[in-house]
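S.K.: Below, each chain spelled out in residue letters.
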Amino acid sequence: MPSPDKPDLSMTRNWKHQPKFMPVFDLSRCTRCGLCARACSWGEIRLVTESVADGKPVTAPAANRSSCGACQYCVKQCPVGAITIVETPFVSSHAYWRKHEKNLWRQADPREPGHVLLISSGADSDQISYFDHLQFDACQVTNPPIDPLREPMELRTFLGRRPFGDGSAAMDESGATPPLLDLSTPIMFSAMSFGSINLRVQVAAAMAAGKAGTYWNTGEGGLHEQLHPFRERTIVQVASGRFGVNPTFFENSACVEIKIGQGAKPGIGGHLPGEKVTSEISKTRMIPMGADALSPAPHHDIYSIEDLRQLIYAIKETTRYRKPVSVKVSAVHNIAPIVAGIARAGADIIAIDGFRGGTGAAPRWTRQYTGIPIELAIAAADRRLREEKIRHTVSLVAAGGIRNSADVLKAICLGADAVYVGTAVLVSLGCGMCQRCYASKCSYGIATNRPDLAERIDVEEARDALLGLIQGWSEEIKELMGGMGINTIGSLVGNRDRLRGLHLTGEELKALGVKQAGL
Amino acid sequence: MCGIVGGIDTMGGKLRGADFIRAIAIQHDRGNGLGGGFAAYGIYPQFEDYYAIHVACDTEAAVRQADDFIKTHLYVKVAEDMPTRDSDVIPWHPLLKRYFTIPGPSNEDLKLTNMGPDSMLHARAQDAYMKKFVFDFNKSIPGAFVMSCGKNMGVFKGVGFPEDIGRFFLLDRMEASIWMVHSRFPTNTQSWWGGAHPFSLLEWSVVHNGEITSYGVNRNYLEMFGYECTLKTDTEVISYLFDLLAREGRIPLDDVCAILSPPLWEEIDRLADPSMRSRLASLRQGYAQALLNGPFAILVSNGRSLIAMNDRSKLRPLVAARQGSRVFFSSEECSFQILCPDREETWMLKGGKPEIVTMKEVPGAVA
Chain R
0 MPSPDKPDLS MTRNWKHQPK FMPVFDLSRC TRCGLCARAC SWGEIRLVTE
50 SVADGKPVTA PAANRSSCGA CQYCVKQCPV GAITIVETPF VSSHAYWRKH
100 EKNLWRQADP REPGHVLLIS SGADSDQISY FDHLQFDACQ VTNPPIDPLR
150 EPMELRTFLG RRPFGDGSAA MDESGATPPL LDLSTPIMFS AMSFGSINLR
200 VQVAAAMAAG KAGTYWNTGE GGLHEQLHPF RERTIVQVAS GRFGVNPTFF
250 ENSACVEIKI GQGAKPGIGG HLPGEKVTSE ISKTRMIPMG ADALSPAPHH
300 DIYSIEDLRQ LIYAIKETTR YRKPVSVKVS AVHNIAPIVA GIARAGADII
350 AIDGFRGGTG AAPRWTRQYT GIPIELAIAA ADRRLREEKI RHTVSLVAAG
400 GIRNSADVLK AICLGADAVY VGTAVLVSLG CGMCQRCYAS KCSYGIATNR
450 PDLAERIDVE EARDALLGLI QGWSEEIKEL MGGMGINTIG SLVGNRDRLR
500 GLHLTGEELK ALGVKQAGL
Chain C
0 MCGIVGGIDT MGGKLRGADF IRAIAIQHDR GNGLGGGFAA YGIYPQFEDY
50 YAIHVACDTE AAVRQADDFI KTHLYVKVAE DMPTRDSDVI PWHPLLKRYF
100 TIPGPSNEDL KLTNMGPDSM LHARAQDAYM KKFVFDFNKS IPGAFVMSCG
150 KNMGVFKGVG FPEDIGRFFL LDRMEASIWM VHSRFPTNTQ SWWGGAHPFS
200 LLEWSVVHNG EITSYGVNRN YLEMFGYECT LKTDTEVISY LFDLLAREGR
250 IPLDDVCAIL SPPLWEEIDR LADPSMRSRL ASLRQGYAQA LLNGPFAILV
300 SNGRSLIAMN DRSKLRPLVA ARQGSRVFFS SEECSFQILC PDREETWMLK
350 GGKPEIVTMK EVPGAVA
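Those sequence lines, one after another, are chains R and C.
Per numbering that gives the first Met the number 0, residue 0 is the first one in the first sequence, and the count goes up by one each step.
Per numbering that gives the first Met the number 0, residue 0 is the first one in the second sequence, and the count goes up by one each step.
Calculated from the structure, these hints are not laboratory results.
Take these hints with a grain of salt, some might be off.
[As the list claims (entries may be wrong)] Between beta-carbon pairs, the in silico distance windows are: (1) R:Gln139 with C:Lys131: 56 to 66 Å; (2) C:Glu222 with R:Asp451: 52 to 62 Å; (3) C:Ser304 with R:Asp131: 44 to 54 Å.
Beta carbons are placed, not taken as given, at the ideal position from N, Cα and C, and that holds for glycine.
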């Protein structure tokens, strides 16, 4: 037994996890209101009694040094701006191992032996962002730029199998037109399931999508009945777990998306732990309350492309060919032939999710090092579909790491018809990118279903924030297009002539199909 | 900036080349001497069933290669030098040849089979053959290109002011049922004889003032249908789009125009007629990659119709005039003082609203 004169100096029993960040309080500003301690859902801030006034204790905030992830919620809440988050110094003499020591200690921790390092959000590693190496063109003299405040500027986008897309240019005499999604702007809200986020956030996204004339995506967690009124703007997702897939689910949607993969974790399934499966989630997902919601890595009825074709047509039959069917895949090395195969299997829309795409939870190294950037994937897919002479028969949606309106337009110039944004949606709602969605303690009330936290989301305010994102980005896209002398977004889809590359190798330029700036 | 002029006699009457030379000369400042050209229809009535191939070759070696290539792939009825006049103001010109041909190997028997009523190669197949021939020719013979290859028509173009090019080709002595003329002020590509307008494929020719900012998308689309953009300029996509949509797809000309320069979505949404609304919407959805963006004024012809069209925002000038059975289009109204001084009507084209003028009767026309 340890005793004062013989302390227990065992590493494993005494070692404490040192978080990378900590809050620092400017006590000269602090009013001792205590809001920060209530705001922090991670247990990082405690209140320490300083003195007693009028018989009541006066408490000051202090950092626990246990759990700060720099979500910045306390910073945004503090009424007097007294809190700063700082990165705590971590001193290691070895440059090569510095980033990895803590991970190894964590995996060696006897309280959680041998666990898989989990993480949320998209890859935060320092691989190149091709978006940042692409420059737009603009008109000078020979061609007038267009002022979007004075001239028409069309962002309207249709997704799905085109009319007359049969390979000949002949008019279709039957008069029947295929079902198409009708977007006022080429930006959609990406798949985030009920479970990974809460119902309030989904309702806000659905409302904003309706107001902005675009679509939101249920993710793989089924469709809660509160969302049925938004059916005209809803893309429902059928994933390997088939959660919540039933006739009502199909009836209350505008489009059905088969999720094969997700950019953050290509080749990996999903796992919503049983403790998160509340009664509402259990009803929506059609699984017992408290049971783990497991999405297998593959669809167990899709072991190859011909099986996908069967599922696509099963869904088309179910929806009487009135709804486009989308297939979402991760951006992987062989994405070009995969996309061509999916197009030939009958998909109307193909969404490609790059490795920067977000997740509620993924093994750390899968998230970091599996898959390829969306810029390369979309360029390769667009090129391959053109080579196979079927590009005009199918729509491409780019997803995964689109941070601003310039990224949207660059993805379009590289071959996308539209984009999905997910992480940007969360950031618009306040998210400070602490990458711990899996913990279900989200202080912003986004990635959690704990009622006391979820109520931090005000649905109307969240709707307006998302509407602001779509509207602001759309205006910026119009300005960029006007500068390029283009007044309809379709004239930019795959228009690499309007891009030039900076600081890229010849091979990279070739993969993107973009010329070096100056040439 | 470029200048364009065009004219058609809807009764099939002949229009004088000399007038069109003067009509483009009066717009002298719209060009800079780096390109001028003419398309003329109904000019080879004696060979109206033969594809008239106008070829330009930089060198004697290219001429020999071109000659071999043509004679390997086509039956040649007549091969001759293009008639030209010595000119002080054209410092250099390629060697210019003209062939009247029929698709198929240079075999007299085969040629008779092709031409007969039981033709194995019907008209569409012949067109397809010729199209492939032209793309192969332009790709495989360095220093040579086909200026035009339609029946009973020809393109005459080069580097120079159009009035000088016109006189160089003796067009002041020529008459045609449709003329299209271009004066070039190049801004995107260097000037070369192949880069001058008109651009032509089979029966379709185009003259264009403007810049196609959707070029990358249009080229991608055309390449899927086997077109190869080899002439280093945005205008060639327009002639290929007409060939693809109107000739090959047999889409009516007003629909083709609605594809290339469609109404705005808000205009389509406001249309009262639901069938019109759905037709225009489907055309836009189905052919989004064929839409021409950027500022343009274009004249297009297939020998039966003359089409004039502006971009949707009307960022390039284009005026029209009518005098009797004749209709003229021009970048500037001044040209009408020469072409139709007694015109009954002069009007400005509206952005995105094409004018399609079709001949009432075409003497000796092949349907």
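S.K.: Now tell me if each hint is right for this structure.
M.R.: Results of checking the hints against the structure:
no., hint, in the structure
1, R:Gln139 with C:Lys131: 56 to 66 Å, "39 Å, violated"
2, C:Glu222 with R:Asp451: 52 to 62 Å, "58 Å, holds"
3, C:Ser304 with R:Asp131: 44 to 54 Å, "50 Å, holds"
The structure shown violates just one earlier hint, number 1.
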